[in-house]
Amino acid sequence: MSKIEFTRRGIIKTSAAVGAGIAMPTLLTSPAAAYTNEPKGKTVTLGFNVPQTGAYADEGADELRAYELAVEHLNGGGDGGMMNTFSSKELKGNGILGKKVEFVTGDTQTKSDAARASAKSMIEKDNAVMITGGSSSGVAIAVQGLCQEAGVIFMAGLTHSNDTTGKDKKANGFRHFFNGYMSGAALAPVLLEMYGPDRTAYHLTADYTWGWTQQESIQQATEAIGWKTAKNVLTPLATTDFSSYVAPVLNSGADVLVLNHYGGNMINSLTAAVQFGLRAKEVNGKNFEIVVPLYSRLMAKGAGENVKGIFGSTNWHWSLQDEGSKAFVKSFGKKYGFPPSQAAHTVYCQTLLYADAAERAGTFNPCGIAESLEGFKFDGLGNGATEYRAGDHQCFKDVLVVKGKENPTSEFDVLEVVKVTPRAQVEYPVDHAMFAGGELGKCNSGA
Amino acid sequence: MGIFEVKNVSKRFGGLQALDNVNLSIEEGTIHAIIGPNGAGKSTLLNCFVGKLMPDTGTVEFMGKSLLGKKPHQINQMGVSRVFQTPEIFSDLSVFENVLIPCFAKRDGSFELNAFGSVKGQKDMIEKAEQMLIDVDMIDKRNDMASAMSRGDKRRLEMAMCLAQDPKLLLLDEPTAGMARADTNNTIDLLKEIQEARGITMAIIEHDMHVVFSLAEKITVLAQGTPIVEDVPENIKGHPKVQEAYLGTAN
Amino acid sequence: MDAILLQVLNGLDKGSAYALIALGLTLIFGTLGVVNFAHGALFMIGAFCAVTLQKILNISTISLDPTKTDFLGDPLKIKTPLVETWFGEIAGQAIIDWTVPLAVLFSIPIMLVIGYVMERGLIRHFYKRPHADQILVTFGLAIVAGELVKANFGATEIQVPAPDLLAGVTDLGVYLGFDVGRVAYPTWRITFFCFSLAVIGSIFAFLQFTTFGMVVRAGMADRETVGLLGINIDRKFTIMFGIAAAVAGVAGVMYTPIKPPSYELGMQFLVISFVVVVVGGMGSLAGAVLAGFMLGILESFASMNEVKSFFEMLYLPSIDQIIIYLVAIIVLLVRPRGLLGKAGVMED
Amino acid sequence: MLKLDKKDAVTFLFVVAITLLAPFIMNPFPTESGLAQFNAGYPDLMQRFVIFGIFAIGYNILFGLTGYLSFGHAAFLGMGSYAAVWMFKLLTMNVIPALILSIIVAGLFSLLIGFISLRRSGIYFSILTLAFAEMSFRLAYSVLTPLTNGETGLQITLKDPRVLDAINTTGHQPVTSLFGLEMRNTATLDIAGWAFQFNVGYYVSAVFMLIAFYISMRIFRSPFGLMLRAIKTNQTRLNYTGLNSRPYTLAAFVISGMYAGLAGGLLASMDPLAGAERMQWTASGEVVLMTILGGAGTLLGPVLGAGFIKYFENIFSKINDNILHSWFSFMPESLETFFTTIIHPFVGKGWHLTLGLMFMLIVTFLPGGLVDGGTRIWNRIRKNKKSSSSAASSTEPVE
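Protein chains in written order, with our numbering: chain L, 1 to 447; chain H, 1001 to 1251; chain A, 2001 to 2348; chain P, 3001 to 3399.
You can trust all of the hints, since none of them are fake.
Here are the computed distance ranges between Cβ atoms for each label pair:
id, chain 1, residue 1, chain 2, residue 2, range
1, A, Tyr2127, P, His3325, 43 to 51 Å
2, H, Ser1091, A, Tyr2127, 15 to 23 Å
3, A, Tyr2127, H, Asn1185, 34 to 42 Å
4, A, Arg2120, P, Thr3157, 55 to 63 Å
5, A, Ile2056, P, Thr3282, 30 to 38 Å
6, P, Phe3330, L, Gly98, 22 to 30 Å
7, A, Thr2080, P, Thr3157, 58 to 66 Å
8, A, Ile2056, P, Thr3157, 50 to 58 Å
The set of hints was computed from the structure by calculation and includes no laboratory data.
In this text the structure is predicted, and so the values were computed from the model without any measurement.
Where a beta carbon is used, it is the ideal one built from N, C-alpha and C, also for glycine.
Next comes chain L alone, as it looks inside the complex:
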């Protein structure tokens, strides 16, 4: 036992060999692993940390489906999905670096505490080399911080707050999903085109970090096209009946309502807004309009009829006609019988991107992977030409402006893509004011 030593790393291994017929184990030290959870056997374990309980359980379930599909493809099963359309051709369907991909799943409960606990157990117990998933920014930022400390890679799932790659960015964390700033930058030109420059917006904003950053982004983007902001009202997260927040909009003089809400909040506030007849109203001689900056198909489905004709932005949509999207929708649809959501798409991409980076780096060492992801340019994953920016680990790609479909043909057909906003339009410098205040730090491999 005296040979067990403590170092500044998380985990050291001391191994013991048992001699045949000898009851007392003889202790031998093996050279310490080069980085956290270095896979020694024939398999490598990835940790999929998604909300399985709570309000975002449906998003989490869809993410899990996509993860399973990605693992199947990486291990050479199925039709290969987007591996065939991906611009990098390193992935051969023989796992990652020749090791078969296995996975463990955990429940984030959409609580930063529970998510960290779940990620920790994946790292400590199941020896996961990479953690991915999540369906809220709070969770993503919390887990990203943990992965940084533990020395594993974090491939963020659905997280839209500017902070994830802004003030809370971390060297070990990577985000494929777009963010609040991009939503604003993509939406503003479309809103200008549709509703004109002479508009007054009234914001209802979920009263917590994500709501605030998105509201800030949208306000800035719309004011840049000449809109005025009548008011920004913060709504408690636990609100179920938004009537008392919607009613004052009626006579406020505003002619656009921006709902900075997500999930159940968005469904409830939109329902209330439609009930109050806002959409049928005319103000200042113009039709009253509602905007939902961040859309997801699952949410749109929950809002039902109410979303028809309402604009918003989204990361990806299954109706896209590029080869990558088509291939993904096909293999997902065949396996599960319905099209994938944007959450499913993002986590599938993240898994492939991680695997590819490992292949290109020739190692699972987080620092090697981080290096090969930084500045990586790729295509064929459904969003057109994309780049993982080195400065903040944010993916830059085209952003979709969508609107609720007027005449849906099926229960999945609730959104239609109005415009694919080119990447150049949503780009911003690393030190943009809305993203300032944090630093990446150095990559941590746990060694």
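Fit chains H, A and P to the known structure of chain L by using the hints.
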């Protein structure tokens, strides 16, 4: 001047005059009974003694100190213990622990944060509690759960708990209510014993004439919230006013 | 002025939902002496009765449309609801349109049975147990009910729209001399409010004017005495539990167009309805109704910008986040028995 | 020993032994075996066992001994965490100042909230604490974001001042430590397929848990503890025995609040993040469940209950369909599908359902909790043994 002085106490509930100008004086070392028909205000009066109710007017003094506005535990600490109509004991604790608690209350006052001393280390308290159980002849039930005892034993235990505090005044609220005759007689004997051995002043609120006349040295009759007669038992029997109160007016 | 009127309307609307749930809760407490943490779950189950009926009415025959394709490139499936096939397109669509009102009828027998089974199967074993045990076992039941609903309907909200006729807005302001459009209020919410008043009224009438109701009220006042009269009060209380469940259920059904239900609906309303009950006074029916409306209106006012900024000056930002709890704490401290609670009922 | 009587000393030594040997006991299955899924011997979960053990031990003093059902104690745990993380940010990464502050902060808040809530008892007390908990959660989640960092949770960053620590130039986040001994350090002992993990953070938490357990034991056996039990069974009699129940209940409330604060501080010391969710009233519901499940009012119950719940939360929620299929893969396919379908709703994403059912079953059938159940079974076995041995002895003469 008695040990317990009640002067001009009145209490009104909405339209009902529950107590109307009650005056009462209890001599030290005596057993004083308060009787009266249902609704005469006996319980209200008792509640005014123990701090549960605040009378609208008047004073209640014990050994020259006012009890008004004091909380039940403060009144108890002054030396007034109370026995309830249905025995109030710590049913989930053992008989021994039931008696131990008042011993601590007597020694430590109304609050003492003794969180580290072991109960078993408090030898003097344990001896006192054991002696108390021997006195009431319950030492063989020492480790039984209080909830498992018969009604009579519960009454006996409650009495022991009160006595463990060496009260100067014992208030008894219908101590034999709902008891079988045999139990009632036992209780009467127990109270007599206590009175003889310790000379504690007692005030008994009672409805059962048999109990009252076996115990009391003085009786106050209450009717419609006001004392109509106060006298020794012999004179109460057959007193016309008392008959009127219990049987209603003849005309 | 119009802003205040709108918030009063909102408050009455919210308040009627609170009142309906709290009414059942306090009825159960008053009759059976049970603190039922699963009462919010009954509201949620009611809402999902509407969802279920919507699903049943939309059971469809599937035909293929070869001219259109679905997301995989296969021919598009066209669904025709069976009710349309049976009753013709217009009548069928009308039936589907009126799902929510139909669901009220649909839910009543279901909720009565659920209430009966819950009382006989679980609650009755807890009459003699401490309130803490009652709270815990019904809390467990609420979790189970929520999880079962989630397993069958998913975690995302489900829309059950109001009938087209009642889906628009009604301009109440013009009757009061406001300009057109100043006080336009959703018709369904007005319907919900009227419906709630009717339900509350009938419960009071039922308790006041029927023999059954009189016995129940007497039992609430003094259970033992009524039991001594040879009346089987337990049986009557079981029925009361069923009625309380049904009230929560129909409230849930009628609330679906206002707030699309999800499995968390029960928990969302649980805390607030308890606050309503204690503020109104445990076991007081009138108190529950009064407190429901009062808290609904207070909550609505607290969300007004003018009120919020006033409290900000008092260093209380986001007053709308905490108003309900603040009020509850103050009421419980100042008037422990609640607004209309009887003296001595759980008051110490 | 340690001023405990013999029976208690044995119990205490038993707890000490279990705690120290936990890395072995919690890891019964070899790493490569299919049952390794059920191993709990990894640092994070073992830390949670003892930390939530502390929380439940403290809560038991209020709920188990005194009979006050509080739905607000998670708030004190949360406040403890926030206080600790602020210490890590401002002062030093050493856990001692952080723990001291978290106990103090939780103690002060519980004094305030307890003082107000304890003016009522019974269900009103529960609702009052629930209202306070919900208020604290909402304030922490949004209104007080500058203090709590809202939804994201309060984290340490590279830029924090940490006035007592040397300036950090590594570019890495500093880690929590006890005078240089880092909480995250783990030594792994590999023996014939088993991998046992010994984690510094676990042992530090375990020592605190043992102290907490010892203190609670002394409280149980003290006159103060006797008074608390008396309050639970009959508060009226207590008042008419000259005892003022308010300071007793308040003391119990504050002690349990400080236990919660310590647990919160330790949670933050193991993983320097404080999230608002840990303050929600449902989180308090979890500690109620732990106490009830293990046995409210018993010494060992809460620790046992905390272990059970945390095990369920962490192990059951990770059993997905893939794992289920692999368990039953030896069976014919129809049987395999049958078993997977039966178990599926209760594990993985359905673990809340299992939790709810467990809640109901325990409260209904085993109100005394596992400890009570265990005692009953033990007594029955002993009785059987006795009766069988007496039966044997009675038959002897015949032979």
